[in-house]
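Heads up: the sequence shown at position 110 corresponds to 225 in this note's numbering, and the numbers run straight through without jumps.
Hint data in this document are derived by calculation from the structure and do not stem from the laboratory.
Glycine residues also receive a C-beta, built at the ideal position from the N, C-alpha and C atoms.
The reader is advised that the hints may include incorrect statements.
Stated by the list, open to error - Each pair of labels, with its calculated beta carbon distance range:
#	residue 1	residue 2	range
1	Asn-158	Asn-241	23 to 29 Å
2	Lys-148	Asn-241	20 to 26 Å
3	Arg-153	Gly-223	20 to 26 Å
4	Ala-133	Cys-265	26 to 32 Å
5	Cys-254	Lys-117	49 to 55 Å
6	Asp-179	Ser-240	52 to 58 Å
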Amino acid sequence: MKAVVDTNVIVHGRGSYAFDTALMVPEVLEEIKSSKGRNNLRNLKYEVRTPSEKILGKVRSKSDEINSPTSDEDEKLLALAVQTGHTLVTDDKPLQNLALHLEADFEGFLDLGTDEKYRWELNCSNCGRKVTGSRCSRCGSNPDRRRVRCNS
């Protein structure tokens with residue numbers, strides 16, 4: 116069985132996985148710096164792939180829609196999982212949430228996966244007004260990100 120995995124799975128792996136081949140994006144390899152992580156990687160069958168721009172665009176669009184705090188690497192991993200149809204293995208809760216919104220299969224690695232959809236609202240840290248950009252249009256302060264449950 117193949118699975119799309121994030122860096123945490125490689126770095127904190129214990130040598131026994133529920134998959135036999137790990138799929139990852141190039142950025143995952145770049146992040147593995149510890150000797151334990153590099154050793155785990157040497158003992159793992161893996162493939163490095165890049166998702167299509169079309170599917171990555173779909174993932175980024177949903178991420179923007181819910182103001183997700185996921186990284187570029189996270190979004191590429193999810194796009195790879197969607198593209199290949201393989202399960203995404205990650206303990207990253209915002210990434211799991213984005214997968215829920217896109218109806219992609221995922222599972223936790225050391226923790227249970229989330230089963231609740233949410234989105235993030237940006238609110239001014241000073242006056243509390245809802246913010247759509249990088250600064251409040253009323254007072255100019257920076258926004259804070261607040262998680263809000265979704266009904267669907």
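(message) Hints numbered earlier in the text: which of these fail when held up against the supplied structure?
(response) Hints 1, 2, 6 not satisfied by this model.
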